[in-house]
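J.: What follows is each chain in one-letter form.
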Amino acid sequence: MKTSISELKRRSRRTLSGNYNLAVGGAAIIGAILVVVYICLVFMIISVVIKREIEMGPGLGWDITTMEKPSFYIVSLVVGFVIVLFISFFQFGLFRMLLHMTTHQPFSLRDMVFAFSKRPSRFLGLFAICYGVGLVLSIPYSVLRYVSSATGHMPVIVVLEILMYLLLLVGSIVFRLNYGLAGILLVERPEKTVISCFRESRLLMKKNKGRMFYMMLSFIGMLLLVMGSFGIGMLWVLPYITETNIQFYLDIRAGIVLEDPPAREPASTYLNGKPYESAVDD
Amino acid sequence: MIMGILGIVTTCCCFIGVIFGCLGTIFALISKKGERFKNTALAGLILSIIALVLAVVVGILMLSSGAYGGIY
Numbered sequence: 030m031k032t033s034i035s036e037l038k039r040r041s042r043r044t045l046s047g048n049y050n051l052a053v054g055g056a057a058i059i060g061a062i063l064v065v066v067y068i069c070l071v072f073m074i075i076s077v078v079i080k081r082e083i084e085m086g087p088g089l090g091w092d093i094t095t096m097e098k099p100s101f102y103i104v105s106l107v108v109g110f111v112i113v114l115f116i117s118f119f120q121f122g123l124f125r126m127l128l129h130m131t132t133h134q135p136f137s138l139r140d141m142v143f144a145f146s147k148r149p150s151r152f153l154g155l156f157a158i159c160y161g162v163g164l165v166l167s168i169p170y171s172v173l174r175y176v177s178s179a180t181g182h183m184p185v186i187v188v189l190e191i192l193m194y195l196l197l198l199v200g201s202i203v204f205r206l207n208y209g210l211a212g213i214l215l216v217e218r219p220e221k222t223v224i225s226c227f228r229e230s231r232l233l234m235k236k237n238k239g240r241m242f243y244m245m246l247s248f249i250g251m252l253l254l255v256m257g258s259f260g261i262g263m264l265w266v267l268p269y270i271t272e273t274n275i276q277f278y279l280d281i282r283a284g285i286v287l288e289d290p291p292a293r294e295p296a297s298t299y300l301n302g303k304p305y306e307s308a309v310d311d
Numbered sequence: 003m004i005m006g007i008l009g010i011v012t013t014c015c016c017f018i019g020v021i022f023g024c025l026g027t028i029f030a031l032i033s034k035k036g037e038r039f040k041n042t043a044l045a046g047l048i049l050s051i052i053a054l055v056l057a058v059v060v061g062i063l064m065l066s067s068g069a070y071g072g073i074y
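Sequences listed follow chains A and B, in order.
Counting from 30, one number per residue, gives the positions in the first sequence under the working numbering.
Counting from 3, one number per residue, gives the positions in the second sequence under the working numbering.
Don't take each hint at face value.
Unchecked claim - In silico negatives: residues of chain B with every beta carbon more than 10 Å from chain A: (1) I4; (2) L8; (3) T12; (4) C15; (5) F17; (6) V20; (7) I28; (8) I32; (9) S33; (10) I48; (11) I52; (12) V60; (13) L63; (14) S66; (15) S67.
To be verified - Covered stretches of chain A (chain B as the covering partner; in silico rule of three or more C-beta atoms under 8 Å from a C-beta of chain B): (16) 40-54; (17) 166-172.
Unchecked claim - Partial selection, computed: residues in chain A whose CB lies under 10 Å from chain B: (18) P219; (19) L246; (20) G250; (21) M256; (22) F259; (23) G262.
None of these hints come from the bench; they were simulated from the model.
Just so it is clear, the structure is predicted and the values come from calculations on it, not from any experiment.
Ideal Cβ placement from N, Cα and C applies to all residues, glycine included.
Only chain A is shown next, with the shape it has when bound in the complex (with noise of 0.2 Å):
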């Protein structure tokens, strides 16, 4: 019997209690750099725009529509790509350290730099992957909203941006539920290929992905309560969420373990009545 997502947060409150310090010190780093990479950015954008007043005069600064088009586009693409990949390699190490805290094994704070010292090129692989799809996916929506303040916001394009913002919302929805555990599977097995983490990931997702959009749409509360709160909330919220998806998969694996083990084979190596390799190569 799979388990209520309300029964699985619960244990990850339980998990998380007592362990608050260390996992909200996880989160402080996360937020600590994105904290450094805002007041970077924002002086960064006061000397641009400081600069091209005293070269094309006051009150033109700020005029985004002057700027040299592609190349901003490509430097804010390769900022942002070093950025969202220096927070995800964090968030794995936050991945490890939970999931050590959940499975009673050691853990402490030096977890948190795990995925740049253990294989960080599968690491850096599997972000690469996630972040193309993503990439790929918004490329419809970048291009109708370029076209859109080019052409001067048609009613007609503005129809189309707004489908194509829905069409790269639900494409990393279904992303999501079908490749969500990709991480923790790499975080748990490091020695693992990335290819097997998401081929892995969506076979346990198979008649999970309801519980887990469930999941997603019952921390919404909470994240506007952050939003309320200036982002400090997500100190203590972030660790939550993350424990909260251990818990899901960790559920998931146990409920493979119990599903129809044959009599001479050892229980846990067994998927939907097959040995649990062979199905995950499959």
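Based on the hints, put chain B in the right spot on chain A.
T.: Positioned in the frame of chain A, the structure of chain B alone reads:
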């Protein structure tokens, strides 16, 4: 509970009341380990919600009365 009390006290400073109210609500929700809330957590939740509502109402009143620079 402390966040809830701070939230109510700082209601007049609109945004600070909202921050404390939101944080108090988050803390109360994530402290629930069993089926029911602990007494202090429940008190904190109620106080935080009151603080949030009051802060929003005060904020709206301040905006409508032009307390923020007379724009409205």
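J.: Given a cut of 10 Å on the nearest C-beta pair, is the interface hint for G250 (chain A) held or broken against chain B?
T.: Holds - the Cβ of G250 (chain A) comes within 10 Å of chain B, reaching about 9 Å at its closest.
J.: Minimum Cβ separation between I48 (chain B) and chain A greater than 10 Å?
T.: Its Cβ never comes within 10 Å of chain A, the nearest being 15 Å, so this holds.
J.: In terms of Cβ atoms, is chain A entirely out of 10 Å range of F17 (chain B)?
T.: The claim breaks: F17 (chain B) does not keep its Cβ more than 10 Å from every Cβ of chain A (closest is about 8 Å).
J.: Just double-check T12 (chain B) for me: nearest Cβ-Cβ distance to chain A has to come out over 10 Å.
T.: holds (13 Å)
J.: At 10 Å, judged by beta carbons, does I28 (chain B) keep clear of chain A as stated?
T.: violated (5 Å)
J.: Examine each Cβ of chain A, and state whether all of them lie more than 10 Å from the Cβ of V60 (chain B).
T.: holds (15 Å)
J.: Verify the coverage statement for the segment 40-54 of chain A against chain B, using a C-beta to C-beta distance below 8 Å and requiring 3 or more qualifying residues.
T.: holds (count 4)
J.: Over 10 Å from every CB of chain A: does S33 (chain B) meet that, or does the non-interface label fail?
T.: Incorrect as stated: the minimum Cβ-Cβ distance to chain A is 8 Å, not above 10 Å.
J.: Measuring from the C-beta of M256 (chain A) to each C-beta in chain B, is the shortest one below 10 Å?
T.: Constraint on M256 (chain A) satisfied, holds at 8 Å.
J.: Non-interface claim for I52 (chain B): all C-beta distances to chain A beyond 10 Å?
T.: Correct as stated: the minimum Cβ-Cβ distance to chain A is 15 Å, above 10 Å.
J.: Does the nearest C-beta of chain B fall within a distance shorter than 10 Å of the C-beta of F259 (chain A)?
T.: With Cβ-Cβ at 6 Å, under 10 Å, it holds.
J.: Taking the minimum C-beta separation from I32 (chain B) to chain A, is that value above 10 Å?
T.: violated (6 Å)
Hints 5, 6, 7, 8, 9, 17, 18 and 19 from the earlier list are contradicted by this structure; the remaining hints agree with it.
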